[in-house]
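Full structure from sequences and hints, please.
Take the sequence shown: its letter number 75 is residue 75 in the numbering used here, and every next letter is one higher.
These are calculated hints, taken from the structure and not from any lab test. Careful, some of the hints might be misleading.
Here are the computed lysine to any residue pairs in the SDA-like style, where the Cα-Cα straight-line distance is at most 25 Å [said to hold, decoys possible]:
{"hint": "1", "residue 1": "K89", "residue 2": "F11"}
{"hint": "2", "residue 1": "K89", "residue 2": "L66"}
{"hint": "3", "residue 1": "K89", "residue 2": "A59"}
{"hint": "4", "residue 1": "K89", "residue 2": "S5"}
{"hint": "5", "residue 1": "K89", "residue 2": "F29"}
{"hint": "6", "residue 1": "K89", "residue 2": "L105"}
{"hint": "7", "residue 1": "K89", "residue 2": "L68"}
{"hint": "8", "residue 1": "K89", "residue 2": "A126"}
{"hint": "9", "residue 1": "K89", "residue 2": "L19"}
{"hint": "10", "residue 1": "K89", "residue 2": "L58"}
{"hint": "11", "residue 1": "K89", "residue 2": "F125"}
{"hint": "12", "residue 1": "K89", "residue 2": "F39"}
{"hint": "13", "residue 1": "K89", "residue 2": "M16"}
{"hint": "14", "residue 1": "K89", "residue 2": "G44"}
{"hint": "15", "residue 1": "K89", "residue 2": "V79"}
{"hint": "16", "residue 1": "K89", "residue 2": "W26"}
{"hint": "17", "residue 1": "K89", "residue 2": "I78"}
{"hint": "18", "residue 1": "K89", "residue 2": "D101"}
{"hint": "19", "residue 1": "K89", "residue 2": "I56"}
{"hint": "20", "residue 1": "K89", "residue 2": "I45"}
{"hint": "21", "residue 1": "K89", "residue 2": "G32"}
Ranges between beta-carbon positions, derived for each pair [stated by the list, open to error]:
{"hint": "22", "residue 1": "W26", "residue 2": "P93", "range": "40 to 50 Å"}
{"hint": "23", "residue 1": "S5", "residue 2": "R71", "range": "35 to 45 Å"}
{"hint": "24", "residue 1": "M95", "residue 2": "F118", "range": "18 to 28 Å"}
Computed from a predicted structure; not experimentally measured. For every residue, glycine included, the Cβ atom is placed at its ideal position computed from N, Cα and C.
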Amino acid sequence: MNSRSVEIGLFFSRIMIGLIFVLHGWSKFEGGISGTVGFFESIGIPGFLASVVAIIELAGGAAMILGLGTRVFAALFIVVMAGVLLTAKVGQPFMSGTEFDYLLLVGSLTLLFTGSRFLAVDQFFARQGSVSRNASA
Numbered sequence: 001m002n003s004r005s006v007e008i009g010l011f012f013s014r015i016m017i018g019l020i021f022v023l024h025g026w027s028k029f030e031g032g033i034s035g036t037v038g039f040f041e042s043i044g045i046p047g048f049l050a051s052v053v054a055i056i057e058l059a060g061g062a063a064m065i066l067g068l069g070t071r072v073f074a075a076l077f078i079v080v081m082a083g084v085l086l087t088a089k090v091g092q093p094f095m096s097g098t099e100f101d102y103l104l105l106v107g108s109l110t111l112l113f114t115g116s117r118f119l120a121v122d123q124f125f126a127r128q129g130s131v132s133r134n135a136s137a
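Encoded structure:
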C-alpha cells in the first residue's frame, strides 16, 4: 500500500469524524444549550462544560473537515469521547450504542498519531511556509 492510498483513507476518516462532531455540536445548540446543560448537571458534570463540549464539537468538527489543526482537534475529541464513555455511557454494554463512541475515540486517536495531509488546509500552509523559506534562502 502506498502513502497516497493511506492519505486518501485518512482523508475520508477525517471528513466523516469531522462531520459527526459538527452534527453533534450543532444539535447541542439547536434547541438551546439549556437542555444539554441540564443533562450534564444530571450526571454530575458542571453545566458550563456543556458549552465547552458543544463548541469543541462544532468548531473542531468544522476545522477537522478542512484539515485545520487536525491533530489538536483529534486530541480534544479524545478527551470529549473519554468523558462520554466515563460518565454518560459508563456501565452500558458495548452493543448498546457505546461502540459508536469507541469508534469515534479510536478514529480520533488514529488522526492524532497520523495527521491527515490530503486536501488539508494545514498542508497548504506547510507548503506555503516551505516555499517562503526556500525563497528567502
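Against the structure, the hints come out as follows:
1. Pair hint K89 plus F11 does not hold up; C-alpha atoms about 29 Å apart against a cutoff of 25 Å.
2. Pair hint K89 plus L66 does not hold up; C-alpha atoms about 30 Å apart against a cutoff of 25 Å.
3. With a CA separation close to 24 Å, the supplied pair K89 and A59 stays within the 25 Å bound.
4. Only pairs whose Cα atoms come within 25 Å are accepted, and K89 paired with S5 is rejected, the gap being roughly 35 Å.
5. The suggested pairing of K89 with F29 holds, with an alpha-carbon distance near 21 Å, which does not exceed 25 Å.
6. Among the hinted pairs, K89 with L105 is consistent with the structure: their alpha-carbon atoms are about 13 Å apart, no more than 25 Å.
7. For the hint pairing K89 with L68, the CA-to-CA distance comes to about 30 Å; that exceeds 25 Å, so the pair is violated.
8. At most 25 Å may separate the alpha-carbon atoms for a hinted pair to count; K89 and A126 exceed this at roughly 39 Å.
9. Our distance criterion of 25 Å between C-alpha atoms is met by K89 and L19, whose separation comes to about 22 Å.
10. Of the supplied pair hints, the one linking K89 and L58 holds, its CA atoms being roughly 21 Å apart against a limit of 25 Å.
11. For the hint pairing K89 with F125, the CA-to-CA distance comes to about 39 Å; that exceeds 25 Å, so the pair is violated.
12. Under the criterion of a C-alpha separation no larger than 25 Å, the hint pairing K89 with F39 is consistent with the structure, at around 13 Å.
13. A C-alpha spacing of about 22 Å is found between K89 and M16, which places the hinted pair at or below 25 Å, so the restraint holds.
14. Restraint check for K89 and G44: the C-alpha separation of about 13 Å stays at or below 25 Å, so the hint holds.
15. For a cut-off of 25 Å, the pair hint linking K89 to V79 stands: about 14 Å separates their Cα positions.
16. A C-alpha spacing of about 20 Å is found between K89 and W26, which places the hinted pair at or below 25 Å, so the restraint holds.
17. In summary, the hint linking K89 to I78 is supported, as the alpha carbons are separated by about 15 Å, within the 25 Å threshold.
18. Distance restraint check for K89 and D101: the Cα-Cα separation of roughly 9 Å lies within the 25 Å cut-off, and the hinted pair is therefore satisfied.
19. Restraint check for K89 and I56: satisfied, since their Cα atoms lie roughly 19 Å apart, inside the 25 Å limit.
20. Among the hinted pairs, K89 with I45 is consistent with the structure: their alpha-carbon atoms are about 13 Å apart, no more than 25 Å.
21. At roughly 23 Å between alpha-carbon atoms, K89 and G32 fall within 25 Å of each other, so this suggested pair holds.
22. Separation of W26 from P93 is about 28 Å and departs from the stated range, judged on CB atoms against 40 to 50 Å.
23. One distance hint, 35 to 45 Å for the beta-carbon pair S5 and R71, is violated here, with the actual separation near 21 Å.
24. Taking 18 to 28 Å as the suggested C-beta distance range, the pair M95 and F118 does not conform, at roughly 33 Å.
Checked against the numbered hints above, the structure breaks hints 1, 2, 4, 7, 8, 11, 22, 23, 24 and satisfies the rest.
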